[in-house]
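Same order as they appear, the protein sequences are chains A and B. The opening residue of the first sequence carries number 1 in UniProt numbering; numbering runs sequentially from there. The opening residue of the second sequence carries number 1 in UniProt numbering; numbering runs sequentially from there.
Among the clues, some could well be false.
[Said to hold, decoys possible] Label pairs and their in silico Cβ distance ranges:
| id | chain 1 | residue 1 | chain 2 | residue 2 | range |
| --- | --- | --- | --- | --- | --- |
| 1 | A | Ala129 | B | Arg111 | 42 to 52 Å |
| 2 | A | Gln90 | B | Asp142 | 27 to 37 Å |
| 3 | B | Glu61 | A | Asn7 | 57 to 67 Å |
| 4 | A | Gly34 | B | Thr38 | 17 to 27 Å |
| 5 | A | Arg17 | B | Gly174 | 46 to 56 Å |
| 6 | A | Glu130 | B | Gly174 | 14 to 24 Å |
| 7 | A | Ala101 | B | Ala105 | 54 to 64 Å |
| 8 | A | Pro189 | B | His24 | 46 to 56 Å |
| 9 | A | Ala101 | B | Gly34 | 28 to 38 Å |
| 10 | B | Gly59 | A | Ala123 | 41 to 51 Å |
| 11 | B | Gly34 | A | Val153 | 17 to 27 Å |
| 12 | B | Glu130 | A | Ala101 | 37 to 47 Å |
| 13 | A | Gln126 | B | Gln126 | 17 to 27 Å |
These aren't lab readings, by the way, just hints derived from the structure by calculation. Think of the CB as a built atom: it goes at the ideal place given N, C-alpha and C, for glycine as much as any other residue.
There are 2 protein chains.
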Amino acid sequence: MSTPEENPRGRRADAVRNRQLALHAATQLLAEPGGTLTVEAIAKKAGLGAATVVRAFGGKEALLDAAVAGLLAPLVERARQLLEQTAPEQALRTFLAELIAFQSAHHAISRQLDGLEAPATTALRQQLAEAMEEMIVGARRDGAIRTDLDTAVLVTLVGRTAFAIAQDQPASEGIVHAYLAVLMDGLRPQ
Amino acid sequence: MSTPEENPRGRRADAVRNRQLALHAATQLLAEPGGTLTVEAIAKKAGLGAATVVRAFGGKEALLDAAVAGLLAPLVERARQLLEQTAPEQALRTFLAELIAFQSAHHAISRQLDGLEAPATTALRQQLAEAMEEMIVGARRDGAIRTDLDTAVLVTLVGRTAFAIAQDQPASEGIVHAYLAVLMDGLRPQ
Numbered sequence: 001m002s003t004p005e006e007n008p009r010g011r012r013a014d015a016v017r018n019r020q021l022a023l024h025a026a027t028q029l030l031a032e033p034g035g036t037l038t039v040e041a042i043a044k045k046a047g048l049g050a051a052t053v054v055r056a057f058g059g060k061e062a063l064l065d066a067a068v069a070g071l072l073a074p075l076v077e078r079a080r081q082l083l084e085q086t087a088p089e090q091a092l093r094t095f096l097a098e099l100i101a102f103q104s105a106h107h108a109i110s111r112q113l114d115g116l117e118a119p120a121t122t123a124l125r126q127q128l129a130e131a132m133e134e135m136i137v138g139a140r141r142d143g144a145i146r147t148d149l150d151t152a153v154l155v156t157l158v159g160r161t162a163f164a165i166a167q168d169q170p171a172s173e174g175i176v177h178a179y180l181a182v183l184m185d186g187l188r189p190q
Numbered sequence: 001m002s003t004p005e006e007n008p009r010g011r012r013a014d015a016v017r018n019r020q021l022a023l024h025a026a027t028q029l030l031a032e033p034g035g036t037l038t039v040e041a042i043a044k045k046a047g048l049g050a051a052t053v054v055r056a057f058g059g060k061e062a063l064l065d066a067a068v069a070g071l072l073a074p075l076v077e078r079a080r081q082l083l084e085q086t087a088p089e090q091a092l093r094t095f096l097a098e099l100i101a102f103q104s105a106h107h108a109i110s111r112q113l114d115g116l117e118a119p120a121t122t123a124l125r126q127q128l129a130e131a132m133e134e135m136i137v138g139a140r141r142d143g144a145i146r147t148d149l150d151t152a153v154l155v156t157l158v159g160r161t162a163f164a165i166a167q168d169q170p171a172s173e174g175i176v177h178a179y180l181a182v183l184m185d186g187l188r189p190q
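Can you make the complete structure from the sequences, with help from the hints?
What follows is the structure, given as structure tokens:
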């Protein structure tokens with residue numbers, strides 16, 4: 001019997017497994033309050049050596065990008081689902097509540113990504129912004145959102161203030177409720 | 001003639017002057033985008049030695065606290081002036097616009113103070129929150145702000161979202177206008 005070192009197929013299977021272990025560890029660390037995502041911390045949680053973690057992804061940057069993208073993809077999916085199934089204004093309100101809960105539970109993501117090259121994450125964030133823009137445009141068409149303010153500005157406004165509300169860990173129910181009430185009422189045609 | 005070193009009055013005058021120079025330099029650095037407030041940077045800008053800067057305030061923490069407090073005190077004064085001169089709802093709107101302009105111009109303050117002991121700054125922030133609470137309570141009394149949401153929650157909501165809007169440098173007019181329009185309309189009794 002050949003060892004993985006002697007067998008190219010075994011080496012590939014090992015590499016896939018190491019990638020999965022490192023990715024899973026990074027994803028878990030992203031949900032820990034105050035957790036700092038160093039290669040050492042990821043390696044320790046994954047039960048791998050630091051060099052193996054770096055090799056599995058070609059660097060910490062790519063690993064973080066993959067971990068965050070793995071967390072954001074279901075959010076994008078959810079936004080699209082809401083757009084298909086619900087009236088746009090209700091979709092926006094529901095999605096914002098879920099987005100704040102997600103951001104509150106993954107508070108460290110933005111700090112960890114600060115200044116890093118993260119193309120998969122950037123693309124998914126862009127898709128999230130586009131889905132929110134679709135909700136706002138649709139709600140305008142329904143007469144449910146005011147038309148005197150620029151759509152792109154509203155997308156930025158909503159995204160930035162929702163993120164600010166999510167800075168509580170966990171976001172207290174009171175402030176999330178008040179935020180959604182004030183925001184959604186303020187967005188109505190006046 | 002005695003030199004300052006030999007003359008206690010001269011030493012005291014020197015100490016006062018060094019304090020002022022260090023404080024002025026720190027205040028200027030707080031307004032510079034991306035500026036990092038190290039003792040070395042403050043000393044360089046003040047034309048003093050690093051040891052002199054530390055001696056003048058008993059440490060960087062106290063120096064930063066004094067510099068930020070010097071910037072916040074006029075804001076507290078302004079909030080009180082608005083409360084005396086203007087209807088509470090209008091006072092809140094005007095004050096928020098000025099607060100966002102201030103925060104946008106002094107973007108680094110929060111990051112610099114992160115984790116530091118800053119009693120003067122903390123006290124002034126508390127006074128700012130109290131002034132905003134007074135505006136909200138007054139506007140409620142006038143029937144200009146909804147009563148279905150907790151006042152303390154609204155103060156947190158307004159403070160946190162205003163700060164988020166101020167993260168632009170400088171805050172673009174479009175988003176500040178949209179924020180104030182949506183917030184103030186959303187705060188009205190529905």
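Hints and how they fare:
{"no.": "1", "hint": "A:Ala129 with B:Arg111: 42 to 52 Å", "in the structure": "25 Å, violated"}
{"no.": "2", "hint": "A:Gln90 with B:Asp142: 27 to 37 Å", "in the structure": "32 Å, holds"}
{"no.": "3", "hint": "B:Glu61 with A:Asn7: 57 to 67 Å", "in the structure": "60 Å, holds"}
{"no.": "4", "hint": "A:Gly34 with B:Thr38: 17 to 27 Å", "in the structure": "25 Å, holds"}
{"no.": "5", "hint": "A:Arg17 with B:Gly174: 46 to 56 Å", "in the structure": "50 Å, holds"}
{"no.": "6", "hint": "A:Glu130 with B:Gly174: 14 to 24 Å", "in the structure": "19 Å, holds"}
{"no.": "7", "hint": "A:Ala101 with B:Ala105: 54 to 64 Å", "in the structure": "33 Å, violated"}
{"no.": "8", "hint": "A:Pro189 with B:His24: 46 to 56 Å", "in the structure": "50 Å, holds"}
{"no.": "9", "hint": "A:Ala101 with B:Gly34: 28 to 38 Å", "in the structure": "32 Å, holds"}
{"no.": "10", "hint": "B:Gly59 with A:Ala123: 41 to 51 Å", "in the structure": "46 Å, holds"}
{"no.": "11", "hint": "B:Gly34 with A:Val153: 17 to 27 Å", "in the structure": "25 Å, holds"}
{"no.": "12", "hint": "B:Glu130 with A:Ala101: 37 to 47 Å", "in the structure": "31 Å, violated"}
{"no.": "13", "hint": "A:Gln126 with B:Gln126: 17 to 27 Å", "in the structure": "40 Å, violated"}
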